[in-house]
Amino acid sequence: MMWNFKEHLENIAVIEDTGIILTYGKLLEECEYLKEKMAPRSLVFIFCNNTAGDFLGYVACITNGCVPALLNYGLEKEQEQYLLNQYKPHYLWVPLSNIDEYKDFEAIYSIYNYVLLKNKNSVEKYKLYDELALLLTTSGSTGSPKFVRQSYKNILSNAKSIAKYLEITATERPITTLPMNYTYGLSIINSHLLVGATILITNKTIMQKEFWEFFKAQNATSFGGVPYTYEMLKKLRIFNMDLPSLKTMTQAGGKLLSSLHKEFAEFAEETNRKFIIMYGQCEATARMAYLPSDKNLSKIGSMGIAIPGGKLILVDATGAEITTPFTTGELIYSGDNVTLGYAESFADLEKGDERHGILDTGDMAEFDEDGYFYIVGRKKRFLKIFGNRVNLDEVERMLKGAFPNAECAVSGIDDNLWIFTTDENAQNDMRKYLSEKTGLNSSAFKSKYINEIPKNDSGKTLYNYLKFDS
Amino acid sequence: MENNEKYLKVFMDIFEIPKDEAIVLKYQDIDDWDSVGHFNLINELEEAFDIMMETDDIIDFSSFDKGKEILTQKYDVEF
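Those protein sequences? They're chains Y and U, same order as listed. Residue numbering for the first sequence follows our numbering, starting at 26 and increasing by one per position. Residue numbering for the second sequence follows our numbering, starting at -5 and increasing by one per position.
Next up, chain Y with everything else stripped away, as it sits in the complex (with noise of 0.2 angstroms):
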């Protein structure tokens, strides 16, 4: 059992933003009704849009034993239906609104706004490995259909640590600031659950009057933001904010700027608030490190220290375990929230344990001599936009493949994407088409025009030589 919400049957589970409001009971009640729906150990896609009815689904799936796929609601068409022909889930949890797109699936329950569909086609029987939970987008997927392999033990281990380093009680009130299907979202929402906490929940930003009006309405104590979401905070002048009802800011999804770090980390102190950087990867379900609050100020730029439960090492190019500080190594994490692996289609859902706990993260760190560790670079190529991650050789990839007639590279820094090419009426067009497929703003992604990819000798490409404004 994921979640005990018979310990709190009388407190608010959620509240949606239109006025729709569950107890721990009624939302246990709801996922009983849904049982009858959904045959056991099922696959079911969820399409989320941050309403209490995408939430129910949510839950109830993992409280029923059927394993929910979490998607964008507005996810590419072309893409969607790729992932429907690749996984051939059972049923579809969809926004009512959407319900006479698919073709393939007939209704056969419907509750706040969303309706469950069922496959008409004899889907294939195929298993799904006994402690397959849930399946998550690698945040930021480039159009790729992979899926991070979540199992029960990570998502209830990942969010009692959380819960304990965030202290998290059942008076906390979160008001969603985030895709419930991004993975850092999700884990506001499960370590929430566990305590019985009251989950505000809506699909505003916090660009929106609407969003302040709830967030105020409501007595919001704590929200989670990407890099960007704290420069955006930052320009709505929330230092000036009358916000009594906030007690925590979190930040997660790539490297705040020191100076944001610093702002934040005085405002926060000045406020009696807290303030917690973080660090994590959808590979690790969602946490791996935090950096206490009373450490902000010393540790300006630090990520922190690994999370109750798991451990972060850092390894040289032999694969020794670095133990002088300040020495660059590849940051490596162990823990119960390590997930399973990836999967590609559904003939992945019956694999078992890949990692065994361990998680090569793709970041360079080093730590300092009190052991905070320090992210100082990349082992592998990508960026994070918007608190996404995307693989740039991925994206290069892509281009190739859709623009055969140019050729390109592309490289950039954390939120700015450059396209360098050499056909240059293409830019545009490569620039729509990135912003398109990912799904992120575009003025994340930039081009230049340039008269040749340079490359080396054996043909590749030669990156430092790609020059951009930053």
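Where hints are given, some of them may not hold.
To be verified - Derived lysine-lysine pairs resembling BS3-like cross-links, with alpha carbons at most 25 angstroms apart:
#	chain 1	residue 1	chain 2	residue 2
1	Y	Lys404	Y	Lys457
2	Y	Lys259	U	Lys20
3	Y	Lys260	U	Lys20
4	Y	Lys272	Y	Lys336
5	Y	Lys272	U	Lys62
6	Y	Lys234	U	Lys62
7	U	Lys68	Y	Lys376
8	Y	Lys457	U	Lys13
9	U	Lys60	Y	Lys234
10	Y	Lys260	U	Lys68
11	Y	Lys189	Y	Lys171
12	Y	Lys471	U	Lys0
13	Y	Lys409	Y	Lys457
14	Y	Lys189	Y	Lys280
15	Y	Lys260	U	Lys0
16	Y	Lys102	U	Lys60
17	Y	Lys473	U	Lys60
18	U	Lys3	Y	Lys241
19	Y	Lys471	U	Lys3
20	Y	Lys336	Y	Lys404
21	Y	Lys259	U	Lys13
22	Y	Lys336	Y	Lys178
23	U	Lys3	Y	Lys260
24	U	Lys60	U	Lys20
25	Y	Lys299	Y	Lys287
26	U	Lys62	Y	Lys457
27	Y	Lys462	U	Lys0
28	U	Lys68	Y	Lys234
29	Y	Lys234	U	Lys20
30	Y	Lys471	U	Lys13
31	Y	Lys260	Y	Lys51
32	U	Lys68	Y	Lys259
33	Y	Lys473	Y	Lys485
34	Y	Lys259	Y	Lys241
35	Y	Lys185	Y	Lys320
36	U	Lys68	Y	Lys457
37	U	Lys60	Y	Lys259
38	Y	Lys425	Y	Lys405
Bear in mind the hints are in silico, worked out from the structure with no lab data behind them.
Go by the hints and put chain U onto chain Y.
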């Protein structure tokens, strides 16, 4: 540049859309006017008109028309 033109140009440049689309645009009408797009839009407008917008005005800025109204009433921009 005249204010009307300047205001319109910011919208057309940020969202890469033609004039007829810009003048009727509302928040979230297009994918690019999401929270990130809004942030960029406010930054550009602040620079173009040399103003600093207040929280309430930033979050109330829900359309092309509404933005004009806010700039006129609160920041003395004449259209």
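Enumerated hints in conflict with the structure, sorted upward: 1, 4, 5, 7, 11, 16, 17, 18, 21, 26, 27, 31 and 36
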